[in-house]
Amino acid sequence: MQSRRNEISKKMRKFKNRVIIICVLSPILYLILNIAKWPIFNFLLDNYSKVTTGVIIDEKNFIGKGVIIQMYSYSYEFYAENESYIEDSRNQKCKVGEKVEIEYLECCPSISRLKQ
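Residues in the sequence shown are numbered from 1 upward in steps of one, following the UniProt record's numbering.
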């Protein structure tokens with residue numbers, strides 16, 4: 001009876017330890033992946049992108065939390081495989097209605113950027 005309790009207790013401790021490890025590592029892995037995401041996307045777009053034309057639309061993306069001066073950029077819209085995609089231009093100089101060249105990954109058009 002006592003050995004059965006010890007066995008259950010050991011299993012519970014192992015389970016608790018695993019949960020703690022997952023809880024500690026999850027935010028760290030999330031941060032690492034979010035930081036590493038853009039260099040990977042840029043590499044893929046530099047080497048494997050397809051170019052199309054898009055247009056700047058009247059959808060603002062606010063940058064930071066400025067109270068006095070709110071900085072923003074407009075989104076762009078483009079079509080790939082008869083489907084519309086809208087992304088942040090990350091460029092404050094773009095004007096609504098302006099035509100721009102877009103680089104995107106053919107396998108995943110949601111990964112895109114303005115052509116540099």
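A couple of the hints might just be wrong.
[To be verified] Pairwise CB distance ranges (calculated):
1. 5 to 65: 20 to 26 Å
2. 98 to 16: 16 to 22 Å
3. 41 to 15: 35 to 41 Å
4. 26 to 98: 26 to 32 Å
5. 67 to 26: 30 to 36 Å
No wet-lab data here; the hints were simulated from the structure. The structure displayed is predicted, hence computed values, not measured ones. We put the CB at the ideal spot given by N, CA and C, even for glycine.
Consistency of the hints with the structure:
no. : hint                 : result
1   : 5 to 65: 20 to 26 Å  : violated (54 Å)
2   : 98 to 16: 16 to 22 Å : violated (57 Å)
3   : 41 to 15: 35 to 41 Å : holds (37 Å)
4   : 26 to 98: 26 to 32 Å : violated (41 Å)
5   : 67 to 26: 30 to 36 Å : holds (33 Å)
Violation of the numbered hints given earlier is confined to hints 1, 2, 4; the remaining hints are satisfied by the structure.
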